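Reassemble the complex: the two chains are provided individually, in unrelated frames, and hints are given to aid placement.
In order, the protein sequence lines correspond to chains A and B. Just so you know, we're using my numbering here: the first sequence kicks off at 1 and counts up by one. Just so you know, we're using my numbering here: the second sequence kicks off at 254 and counts up by one.
Keep in mind that the hints were calculated from the coordinates and are not lab data. Computed from a predicted structure; not experimentally measured. Glycine residues also receive a C-beta, built at the ideal position from the N, C-alpha and C atoms. One or more hints might be untrue.
Reference listing, derived: stretches of chain B covered by chain A, where coverage requires no fewer than 3 residues with Cβ under 8 Å from a Cβ of chain A [claimed, not checked]:
#1 347-357
#2 360-373
#3 508-517
#4 546-559
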Amino acid sequence: MNLQAILAIYKFEMVRFFRTIAQSVVSPVLSTSLYFVVFGAAIGSRIQQVDGISYAAFIVPGLVMLSVLTQSLTNAAFGIYFPKFIGTIYEILSAPVSHLEIVIGYVGAAATKSMIIGLIILATAFAFVDLHILHPFWMLSFLVLTCLSFSLFGFIIGIWAKSFEQLNLVPMLIVTPLVFLGGSFYSISMLPEFWQKVTLFNPVVYLVSGFRWSFFGQADVGVGISLVMIVVFLGLCLAVIGWIFRTGYRLKS
Amino acid sequence: MPGIVSVTDLRKVYDGGFEALKGVNLEIRKGEILALLGPNGAGKTTLISAICGITTPTSGVIEVGGHNVQTDFRASRSLIGLVPQEITLEPFEKVLNAVRFSRGLFGKKADEAYLEKVLRQLSLWDKKDARIKELSGGMKRRVLIAKALSHEPRVLFLDEPTAGVDVDLRKEMWAVVRALKADGVTIILTTHYIEEAEAIADRVGVIANGELLLVEDKVKMMEQMGKKQMRIELQQPLDEIPQSMAHYDLVRGEDGSFLIYTYDTQGERTGITSLFADIAKAGLVLKDVQTSQSTLEDIFVDLVKEDA
Chain A
1 MNLQAILAIY KFEMVRFFRT IAQSVVSPVL STSLYFVVFG AAIGSRIQQV DGISYAAFIV
61 PGLVMLSVLT QSLTNAAFGI YFPKFIGTIY EILSAPVSHL EIVIGYVGAA ATKSMIIGLI
121 ILATAFAFVD LHILHPFWML SFLVLTCLSF SLFGFIIGIW AKSFEQLNLV PMLIVTPLVF
181 LGGSFYSISM LPEFWQKVTL FNPVVYLVSG FRWSFFGQAD VGVGISLVMI VVFLGLCLAV
241 IGWIFRTGYR LKS
Chain B
254 MPGIVSVTDL RKVYDGGFEA LKGVNLEIRK GEILALLGPN GAGKTTLISA ICGITTPTSG
314 VIEVGGHNVQ TDFRASRSLI GLVPQEITLE PFEKVLNAVR FSRGLFGKKA DEAYLEKVLR
374 QLSLWDKKDA RIKELSGGMK RRVLIAKALS HEPRVLFLDE PTAGVDVDLR KEMWAVVRAL
434 KADGVTIILT THYIEEAEAI ADRVGVIANG ELLLVEDKVK MMEQMGKKQM RIELQQPLDE
494 IPQSMAHYDL VRGEDGSFLI YTYDTQGERT GITSLFADIA KAGLVLKDVQ TSQSTLEDIF
554 VDLVKEDA
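If we strip away everything but chain B, and leave its shape as in the complex, we get (with noise of 0.2 Å):
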């Protein structure tokens, strides 16, 4: 099935002469929630820049929805939706008059129930005649989510959106972004926040210098690149590892009281079994054993070491 975003050799080289993407393949299925990820100045963007009609593609083709985003831009502009990452509203414009004319300029009738639902289920009604400049930035963040909520897209952009927003508005959007994938649509968010993608996304994509290490499935990419480790806490502080246990690779701890077994639990044999009976016959006493699993934090950053 084709996915609902497709990205096929995408490379934008700037005036500079800056090549901010070298070369992107992506699908983007109908219905996920995918996660950019990537440090800054890694393409990320650049890339929602080039599907949503705002940057000019130096080669490379794009479709939304089946359909060209240069030579057939209204049918896929209006499946978009955008919210961009720096805090951009006409100050002095009240909150509802500035998303009614998103929706306006999105080419769909006005519908104030609506937008009303919109404006609800963003906590933002009872502030519907404020004006913008008044509002806190958490708010104004809202606007720029309702906005882009106005015309009811089909594919939702949200650019690092909770860049600098508190962990209860954090939650709640979250919640929001949770509720419109219910209702089918397509979310692409780019996040410095691993947390939020191992907590919200389907798949993950992995954004850096212009080109798109990886997209995985979140859960599969965790297990297939995530390790576990074991520490295994002794009773007696150890001088050296022992000769007949050199094969494990085995770190021991600062003072010899502790040592770490790392080991990948899709592999054939973890060793763990072989490993245990080996301590019991070096005559080791355990005192205490415990696992842990790397998160996606680890894996984002051994990539992008990897890539650098």
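With the rest of the complex left out, here is chain A (with noise of 0.2 Å):
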């Protein structure tokens, strides 16, 4: 193992993350904020609880996955991409370094980047509501695990990627609605029955529920098969950045 390239890639993401700290962590904590300022307070004042919980509240686990979900995406997309992109790629690939040992360092930094952000935003939250954590453990458990998949599908976003555009279709066209109808502002249990069933489909309920589950001790999917497909989605992202590298899919010629 070459843990001292495993540190430098790392090292160097980070700085990169750092160099731009205003922007990584103020426009997520803004957005954040109006989130909570327009659901929690201005529509939440008219609902009254959502399975016991106030609405306010309930939404936090939700906007934290939906920041840490698009921060994971994004800075892992970017991280290998960057490279990629101004040709500096050339020296990962000559370097003695083994193709787990480049996913190590990029999704490891990736990962590193939202889960510091992920952490900002619910103190943030602690601002605006009243919070308990029923289950602190756990919920670090589904922050890790989740900036972990996202950060790893990012990072095949960001080798598949030709242009800008496509690095942000992904985001933009599949996570976010993916997000919004993945029960973060509301329990699937509202839903008809019909789109209960189809909401199964959606990775994110389980993200958010499993997440939930975590702060208030209920959720819609029973955090069992939540941990499942967190882990099966994981395994799936695993087996693809195995498979790019093995063809040297968009990096060798």
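Dropping the structure here:
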């Protein structure tokens, strides 16, 4: 294992993150605060409770997930796309580094970044609503697993993308709708029965549900199923990345 | 003695069907400076990319320091430093950080003293905290070299290191290359500038259309393939070359005021003595005589033209 190389990639990526710390942190915190104001205070004051939880508190796990998902995707996608775009990827490809080490370096850094941002947003939430986290260990575990699996997914997008437009395509066109329809702002039990069934095909439902369980001890889907689904998604992403490096897809000619 | 880099039957066919390398065989000797000459698109960069692991060969075997570059890539790549043709650098990074990153990437422990030595050697030390985008083109190229040297490679590939570089910087780079050679580093450089190969290379390889036409000791190559020409200026212009001198294949200058004689210094006889005797017999009076030797450039142009 070339630990030095993993560390070098990781540090390099983190330096980039801290160089742009203002935009990296301010924008998600600002947009989350806006959600709290609009959904929590303005609309939430008219919705009494969901599953016995105040609406403002109910949306906190969904909001954190929304930011963490998008941040993991964009950070990881950009992290590997940028060297490809400016050509510095040659150095990574010609270095005595295994594929696994490249992934650990880039995905580890992207996941760390979104983890930091997720925790900052959670701290922001405490400023708006009265929150108690029932299972802090599971809360952190869900957060880590989500950061990891979506950073892996973002890494795949970054390798697949041929332009900046494509880089933004998946987060904008697929992930945002999935998050909005994934029970971030409502309980899926509020939906008509048919749509409840359809929703079960949305992977984000399991993330938000499991995450919400760690806060309030109750969820739309059983927490075990949530966990299994995240691990399956993680495995799927790992398999795709394995294939990418074996074939050199969009990396090597 | 086996070479430090050994390429056997290397072929590379790109997805589009273009055959960039058509079975290249090459042994690079330890500690030498090898210049690869060839026109654009000849396959120079593809050859380097295959050795460094950036391109996957279609077939063939490559070994660096006895390690197969595909099955034992960690050992082989640790030996190699690569300076790419294009300036590819993360623009917002600071010089020293960029060099540190490269060293770490190649699995070497941090060694600030060594990095300082490299940066000083390349006159980059006072720019160590500058962001790369603030540097001039020549400075950026030095950063690329510093990155390639950061992990103390034993084999250094320079892909057109002096393209678009002014004369001073080019001379400076040659000095760096010579210093590396003195340290025992093997250097392979591709270049358009034949004078560059002539100035610093030990051996010269010529590539055209994906084939390695020849690899030869520079001095030997210039001796063997080089021709000498003699320009004989006459007091009185000549209308035609006398019949008695026809077998010398002389070329008459435009107005007949001079003759050109081409000869081979490696031949058993140059024919110079008998030519002068025949000139005297024909009653021609000489004004001046000049000789010139063909350069590597002439040889190169001849070779590539033959191949085309």
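Status of each hint after checking the structure:
1. 347-357: Check passed, 6 qualifying residues.
2. 360-373: holds (count 3)
3. 508-517: Violated - the stretch 508-517 of chain B has 0 residues with a Cβ nearer than 8 Å to chain A, which falls short of three.
4. 546-559: violated (count 0)
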